[in-house]
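**Q** Take the sequence shown: its position 74, counted from the start at 1, is 74 in this note's numbering, and no numbers get skipped.
Since the hints were made in silico from the structure, they are not lab data. Being a predicted model, the structure only gives us computed values, none of them experimental. From the three backbone atoms N, C-alpha and C, an ideal C-beta is built for every residue, glycine too. One thing to keep in mind: the hints can contain errors.
Unchecked claim - With a cut-off of at most 25 Å between alpha-carbon atoms, the simulated SDA-like pairs for lysine to any residue come out as follows:
| id | residue 1 | residue 2 |
| --- | --- | --- |
| 1 | 327 | 49 |
| 2 | 206 | 297 |
| 3 | 66 | 248 |
| 4 | 66 | 315 |
| 5 | 327 | 34 |
| 6 | 327 | 51 |
| 7 | 66 | 56 |
| 8 | 206 | 248 |
| 9 | 66 | 2 |
| 10 | 66 | 192 |
| 11 | 66 | 188 |
| 12 | 327 | 56 |
| 13 | 327 | 67 |
| 14 | 66 | 126 |
| 15 | 327 | 104 |
Unchecked claim - Ranges between beta-carbon positions, derived for each pair:
| id | residue 1 | residue 2 | range |
| --- | --- | --- | --- |
| 16 | 313 | 139 | 41 to 51 Å |
| 17 | 312 | 64 | 35 to 45 Å |
| 18 | 64 | 191 | 17 to 27 Å |
| 19 | 103 | 323 | 16 to 26 Å |
| 20 | 131 | 67 | 23 to 33 Å |
| 21 | 35 | 102 | 22 to 32 Å |
| 22 | 270 | 56 | 16 to 26 Å |
| 23 | 19 | 55 | 14 to 24 Å |
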Amino acid sequence: MMNLARVGLIVNPHAGRGDGLPIAREAIRALAPLEVLVGDGEMGTDALRDLPLASRVFDWSAHEGKARTTWLAQQFAVQGVDALVVIGGDGTLADVAFAIVEARCHVPLLGIGVGSANVGPLITCQGADAHCLADTQLTTRAVDGLIAGANGTDLGLGFNDVVIGFTVLATVDGQVVDVDAAQKMRGVNVPHDPEPVWTEQTHVVKQSPRGETPVAQGNQVATVIVGLPDERFYGKAIAGGVLLSGLIGDSAGCLVCNHLLVRTRIDVDAYHRAEPVISRYVGLSEGERIEASGFRVGTVLCADGNPLAIMNESDRAHVRVQRGLVKAIHIEEQR
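Model the full assembly from the supplied sequences, consistent with the hints where possible.
**A** This is the structure we're talking about:
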């Protein structure tokens, strides 16, 4: 049985449908910690009003946007809490994970999904089930992750996938839609249709101790996805070489396609006009990395729906995989 006497609470009040605060209240009531470290106002204390527990409030007002999330995560982690309880989506959890990895802390994450997708391995339960945490046995396990960056600098983590494109998924007026990734990076959700990312200078390669393996170039590259090929999630039903990676034990893989795959809806007529759909795939193990460059100006490097960097043709993105990158709390199955 896990001891969660002292926890840090991080709420993304804008994730998904914006119901993070009442769900945070349900989660804390269910977990019943003795002490909660929490951000002021909408970042947490608004969820704890009148609850009979000790709390230590942190003022995040010097920070904006996701910087307040990562700042709170690092502040709580270095205080030696038993867990970080994170109310948000896959992107919020990836932000928190990056913050604690950067701080060289090993505090486990208890993720409660209230975002647009909520499919990653850091999700302990969905928001609607937060109250059930009172009646469950919790355990930790190590989770593999992707480390993404540009021009030699690591910028973020992904536990589902890393995508280079013009759009990401977000919730707008209660609906999950494709939105402009560059605008989302500025904090605004603007619906936008996915677009191909290639130019004549586009190159995607895998670097490994065995040397360089060309993956795709030019107009072969409408979509780039690096993902973790397991039973949970890989770009929602992209198979092919991914299945081979699972069989031989690769930690991750990179799929490049001449067709736009990362989108909420597919136009059937447009899909048929684009045939044949040709994909190229390489597995990815620790000690290897994907490098990609030459993309259209304005494409965005994204990890778990988080825009990390707006790219120019001269920029070079990289992605590598690391086993056991963070610890996540899971509900133990009843036998």
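**Q** Decide, hint by hint, whether the structure agrees.
**A** For each hint, the structure was consulted:
no.: 1; hint: 327 - 49; verdict: 30 Å, violated
no.: 2; hint: 206 - 297; verdict: 22 Å, holds
no.: 3; hint: 66 - 248; verdict: 37 Å, violated
no.: 4; hint: 66 - 315; verdict: 24 Å, holds
no.: 5; hint: 327 - 34; verdict: 22 Å, holds
no.: 6; hint: 327 - 51; verdict: 28 Å, violated
no.: 7; hint: 66 - 56; verdict: 21 Å, holds
no.: 8; hint: 206 - 248; verdict: 18 Å, holds
no.: 9; hint: 66 - 2; verdict: 29 Å, violated
no.: 10; hint: 66 - 192; verdict: 22 Å, holds
no.: 11; hint: 66 - 188; verdict: 13 Å, holds
no.: 12; hint: 327 - 56; verdict: 24 Å, holds
no.: 13; hint: 327 - 67; verdict: 22 Å, holds
no.: 14; hint: 66 - 126; verdict: 21 Å, holds
no.: 15; hint: 327 - 104; verdict: 12 Å, holds
no.: 16; hint: 313 - 139: 41 to 51 Å; verdict: 47 Å, holds
no.: 17; hint: 312 - 64: 35 to 45 Å; verdict: 25 Å, violated
no.: 18; hint: 64 - 191: 17 to 27 Å; verdict: 24 Å, holds
no.: 19; hint: 103 - 323: 16 to 26 Å; verdict: 20 Å, holds
no.: 20; hint: 131 - 67: 23 to 33 Å; verdict: 31 Å, holds
no.: 21; hint: 35 - 102: 22 to 32 Å; verdict: 25 Å, holds
no.: 22; hint: 270 - 56: 16 to 26 Å; verdict: 54 Å, violated
no.: 23; hint: 19 - 55: 14 to 24 Å; verdict: 21 Å, holds
Consistency note: the structure conflicts with the earlier hints numbered 1, 3, 6, 9, 17 and 22.
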